[in-house]
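Number of protein chains: 2
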Amino acid sequence: MSELRKDPLTNRWVIISEDRAKRPMNYVEEERIEELYCPFDYGNENSTPNELLSFRSPDSKANESGWWVRVVPNKFSALKENIILDKSPYGIYDRVSGFGYHEVIIETPEHNTNVSHFSLKQMEEVFWAYLKRFNSLKEDKRIKYIQIFKNYGKKAGASLVHPHSQLIATSIVPVNLIDEIEGAKKYFNFKNRCVFCDIVKYEEEVNERIIFKSENFIVFEPYASRFPYETWIMPRFHSHDFGELEKNEDIVKELAEVSKNFYSRFFKVLNNPPYNMLIHTAPFGEDCSKEYHWHIEIIPRITNIAGFEWGTGFYINSVSPEKAADELKKEEPFL
Amino acid sequence: MSELRKDPLTNRWVIISEDRAKRPMNYVEEERIEELYCPFDYGNENSTPNELLSFRSPDSKANESGWWVRVVPNKFSALKENIILDKSPYGIYDRVSGFGYHEVIIETPEHNTNVSHFSLKQMEEVFWAYLKRFNSLKEDKRIKYIQIFKNYGKKAGASLVHPHSQLIATSIVPVNLIDEIEGAKKYFNFKNRCVFCDIVKYEEEVNERIIFKSENFIVFEPYASRFPYETWIMPRFHSHDFGELEKNEDIVKELAEVSKNFYSRFFKVLNNPPYNMLIHTAPFGEDCSKEYHWHIEIIPRITNIAGFEWGTGFYINSVSPEKAADELKKEEPFL
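Residue numbers (the numbering used here), protein chains in the order written: chain A, 1 to 335; chain B, 1001 to 1335.
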């Protein structure tokens, strides 16, 4: 029996419908990897633009080997930092010049690995790179939002296999954030509480969708999951700003442990799935510190998104979040 | 040089960035088709649920061969019509029972063809099937929205190759429609004009993104196209309700001609692309007859949607709509 569930933040509904998984299928898809020259390997540092940040051994030089995490501008950047931020009309429409930052975080020198095999230390260093770049770009007052994200696997939009994530900093606030914040503000006006804090408390109370929790984080499948095995990592403490984490080394370390714990279950249960990772955090320039609550969304890309979902924003999910949480909970993490 | 463009309806921005197309790529994807027993072929009518509507020769019987368009309930339906529409709380969340209709429109008895090869008559009959089912389901007052859509090709979410489209009728209004209507109402309050009518007039005036037009329709690439070759078919006359078309046979015929003209260009330029087709029309039960304007969106699925787009609803498009319109305009349709 299927059921409709509403996301508590936006007007987004999903259909949880397990019957849909039984459909016959004419299509067989295969994927192979072609090994090209990799611009992210040791020795190839000069095939990327000059590095913006690296964690490297003290006897090594910038833009040479010896690093363990390296951040560079995206060579095929969607936005450029050296142009003027210009807003203008175009007939009845609005346009803005392509000002912004687009960076690549090379997560490890190792070409053939994935985040579930990272050491705890390596995972922690990746979060430090995120935080350093996030807080540095935030200083540019033209920037209104910073999205940190990762595409893993072709289906998730990756073009290169070498482990990396990306950061885009823009002069506009993207629509999904506007919607989330509007939803969070409506909830706050009605209840005088943060909706994300309420989700944490309610999920802990019913304990049907939590995979595990630590002192400061819960890892759970959201009630209105759009996709099979969609997972959120959410701080149990209230904070609207991911960048604030820089002030607390212990919590960064804990987040690395929690991530490693989750990814090692996730890669085993779903057998090396393509996925997107997204850090949702408050935009700058508008106060939503009481209402918004940063969190990480992990979206497996194991099903194709069809026309109905595109047309409506109304998702059909054939695996209930309760079942997904159960499977991920049972798996032993490797830490 | 990239540029940010805002959709005039929602808060959705896109980045038009042609440089992105030049990225190196580690992944090679291949797709093959396995020929299974096809429930939509002549002679297999009893492997679908009983038909709801068919256009067939007068000497043939229901649920036997002799039809040219056939509509049946989806065997793997996401929603069921024979359950009570029940809205209830679940802790802090909202849920609704999985009431609704999910139907399949089998567009032709021919297994191996696609819409670009349909005769004009066949295309027209498909629109008649849409209209008959749309207006029939609209009578059920529990239904608030009807989405007609098509998934063509695996990447667009199709599971079967036999030409078909689908219809989902739901008790809730999906979030994208709510957003579009909110945007259209804001525009109307400000300008006292329909934003879609303004788009038609402005696009005709500048003539940079129109592929072609007929007496009653324009076929164009929207200014803030999210995807390469995204195309909208829009009535040049104001009408919020797709179902109203049933009253005017000539316009249905014209829409079939326009569609065939477009798809034959589209299939040649993009070489049989996977795509989604979506008919956007006003929901029921809330008056938006002045502000909303039905239209058809065609979304090619030739690029993967990556994490950034998912996380933000902020799309990066590597083909400008002006360039896409130019290419589609030059191609000769086969009519």
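None of these hints come from the bench; they were simulated from the model. It cannot be assumed that every hint is accurate.
As the list claims (entries may be wrong) - Capping the alpha-carbon separation at 20 Å, the derived lysine-lysine pairs in PhoX-like fashion look like this: (1) B:1087 / A:6; (2) B:1138 / A:80; (3) B:1006 / A:144; (4) B:1080 / B:1006; (5) B:1186 / A:6; (6) A:6 / B:1144; (7) A:87 / B:1006; (8) B:1141 / B:1080; (9) B:1075 / B:1087; (10) A:80 / A:186; (11) A:186 / B:1186.
Claimed, not checked - Pulled from the structure, derived: some chain B residues nowhere near chain A, Cβ distances all over 12 Å: (12) 1050; (13) 1080; (14) 1092; (15) 1145; (16) 1165; (17) 1192; (18) 1228; (19) 1301.
Since the model is a prediction, treat every value here as computed from it, not as a measurement. Ideal Cβ placement from N, Cα and C applies to all residues, glycine included.
Do the hints match the structure? See the list:
1. B:1087 / A:6: holds, 11 Å
2. B:1138 / A:80: Distance of about 49 Å is beyond 20 Å: violated.
3. B:1006 / A:144: Given that 20 Å is the threshold and the Cα spacing comes to 16 Å, the pair holds.
4. B:1080 / B:1006: violated, 38 Å
5. B:1186 / A:6: violated, 25 Å
6. A:6 / B:1144: holds, 16 Å
7. A:87 / B:1006: holds, 11 Å
8. B:1141 / B:1080: holds, 16 Å
9. B:1075 / B:1087: violated, 25 Å
10. A:80 / A:186: violated, 35 Å
11. A:186 / B:1186: holds, 19 Å
12. 1050: holds, 19 Å
13. 1080: For residue 1080 of chain B, whose nearest Cβ neighbour in chain A is about 7 Å away, the distance does not exceed 12 Å, so it is violated.
14. 1092: violated, 5 Å
15. 1145: With a cut-off of 12 Å, residue 1145 of chain B comes too close to chain A, as the shortest Cβ separation is near 8 Å.
16. 1165: violated, 9 Å
17. 1192: holds, 14 Å
18. 1228: Holds: least Cβ distance 14 Å, greater than 12 Å.
19. 1301: The claim breaks: residue 1301 of chain B does not keep its Cβ more than 12 Å from every Cβ of chain A (closest is about 8 Å).
When the structure is compared with the earlier hints, violations turn up for hints 2, 4, 5, 9, 10, 13, 14, 15, 16 and 19 and for no others.
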